[in-house]
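Peer 1: Those sequence lines, one after another, are chains C and V. Number 435 in this note's numbering belongs to position 157 of the first sequence; there are no gaps in the numbering. Number 249 in this note's numbering belongs to position 247 of the second sequence; there are no gaps in the numbering.
What the hints contain is simulated information worked out from the structure, not anything from laboratory work. For clarity, every value in this text was computed on a predicted model and none was experimentally measured. Hints should not be assumed to be uniformly reliable.
Said to hold, decoys possible - The calculated lysine-lysine pairs, modelled on DSS-like cross-linking and capped at a C-alpha distance of 25 Å, are: (1) V:K221 - V:K189; (2) C:K528 - V:K221; (3) C:K482 - V:K100; (4) V:K286 - C:K510; (5) V:K189 - C:K482; (6) C:K510 - C:K528; (7) C:K482 - C:K528; (8) V:K189 - V:K222; (9) C:K482 - V:K221; (10) V:K284 - C:K482.
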Amino acid sequence: MVNSIVSKVDADHIHGHQKRRPRRPLLTTNKPTTASYPSVVGLTVIDIPAGLRSHIYETPHFRGLCVSSWRYAAYTMHDAIRREYREFKASSDQGERAYLGWFIITSVVEMTEMVATAILNAREPGRFAVHQADNSQIESLFTDVRDHGIGAEEIRSILGIRGPRGLNVTAIRALRVLESVIEQIQTVLQALAVFWLEHIEHTKWFRHYPATLSPEEAWLIDREASEESRAKAAELMAMPGAIEIVTLMKEANFEHILLREQLVLEAVLFSDAATGFLLMSLFNAGLDPRRAGKTTLFPQFLRHLNDDERAFLFVAGNYVDPD
Amino acid sequence: MMTSERFSSSQETMSTPIEPYTAEQIRFDVLPRSLHGRSLTRRMRFRLAHAHRQQEEALIATVPDRVHAWAAVIATTWTLIENTLKLYETIVSHIDTKTEEGRISLQTRFMRERDPDEEVTFHARAWLFQVFDHVDGQAFTDAGIEVEEGREHLRHMIERSVAYLRQSETTLRSFYRRYRVIANAWKHGRALFSFAPYETKSQFGVNASDTAITALLAKKPGRGWPTRLVTFVADEEALNDVDTALSLLDVQIPRFELLMGGFAASAIAYLDYLEGHPPPFKPKLEFSLFADPYSPREAEVLAAIRDAPLRPPP
């Protein structure tokens, strides 16, 4: 029961009988007494007092509680994706491998939505306070990131990355290495945006109505399918790591999508990068007093560095490892 | 655990429907729907196995992972229920799944309230119980059962099956409604936060929690202030809800897979037949009843019709 937040409001206000204009309720960090704290069971629905709704996000502790939850969500999701990937690798049933492959891709699409939320939240905390954006807002963001990227300054701001102090040779060298890390993060974010844009539609059919065809089934329906189309499908299935070709019926034609082992592995690596991004933003957000004044750099974005450069950042540059 | 009785019909009946299909109808209507049904139920089988595996993992998960592990089980079960209800609707309403409009229409149709008249026949149509109206009377006679008596027993078993399926659907729909907010928040970027709200007559507040997760509900997601908090705790009730839903799905999904698989194979074979290539085998259609326990006499009736020719409804 830490980080409690209490709002003292009029009883009338809570229950909607506002006889007079209520005083704007304040959220404080008073811990409630045990007697006033009913335990939550099962599924509980509570209305947020009307006078509190418009500024509940302005309370740093409430925002802190919400944002720090990403830590659990990111960890558990990352663990689940790794676990499913192990199942995927261990299975010899192509049907099960295909199911798990699409499940992993779907999970990573959902995970990149957390990344989108973090970026939108940093850009417009008032509008995208802590909750999820809808798909049209995410699509707009990721289209922009794909086409134009995200500036280095904004990356530093979202992830709380401070530049090295001083103007000496050591600081300048650390700055150069750090800039390459920022570039790496920019590249990863563009790749995550492309991944979401490419797979969001697959996520929808897989989740809501996973009924598709194989190319052979499509040709039973469309006898006029060209030899070229058949040869292309054969070529796709001959690719290394091919698991299945999913054929979707569109208006007047068929769309073939190849699920390959490489795509599933790529998704797992993206989940790793997305986890690193989310946790880095949390570690450097000042929520943890033990990390105050320090910038944590996650290994996901340091892989392009050689040992000397990495050591230089951590020793001379005063950056810290998440562990 | 509910069990079901299964029956097979021979391909011969598929080649003599009441109004024979043309090759064009088979190719552009029956075949796409059958193949989509087969694909859907296959993936549902994997999703069901996945839900059970997630359930096993959640049972041994510890705080703070436990509540997230159970939310994952809820999300998978919830999706599976959506798939199942859409399959009902696809079969009963003859949804044209080969078109995007048809598939999209399911999104709004599958949880619609049905009018009472439709309610009576809905599950019978979803599981094609009409086929039992067309059992050859000779099957009863051969087993020493009066035809009328045999049909009367069948009618009672169908009534019990429909009652079971209606109750089952009510439970599944209830789960779907109850956990909609949690499942939606889960699939949209895991917007479930580790705190629990509380309110008294004079206070409203939230406490960080390792065992509860809360979704913020706005009238327009991403575009408005939250108005409600929906908090989930993986307590005994939630675990029972999951167990019940999965038990019901365990009964139906394997049967649906057999039924849809048989239809797809039959449609392909019938198309071959119409085009002058009689298939070398007779695909089986597997129909199911959900009426146990069966009386000894009912068991005799079931045995009598087990391999009798059944005519699939048009």
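Peer 1: For every hint, state whether the structure bears it out.
Peer 2: Verification of the hints:
| no. | hint | verdict |
| --- | --- | --- |
| 1 | V:K221 - V:K189 | holds (18 Å) |
| 2 | C:K528 - V:K221 | violated (33 Å) |
| 3 | C:K482 - V:K100 | holds (16 Å) |
| 4 | V:K286 - C:K510 | violated (34 Å) |
| 5 | V:K189 - C:K482 | holds (11 Å) |
| 6 | C:K510 - C:K528 | holds (18 Å) |
| 7 | C:K482 - C:K528 | holds (15 Å) |
| 8 | V:K189 - V:K222 | holds (17 Å) |
| 9 | C:K482 - V:K221 | holds (22 Å) |
| 10 | V:K284 - C:K482 | violated (36 Å) |
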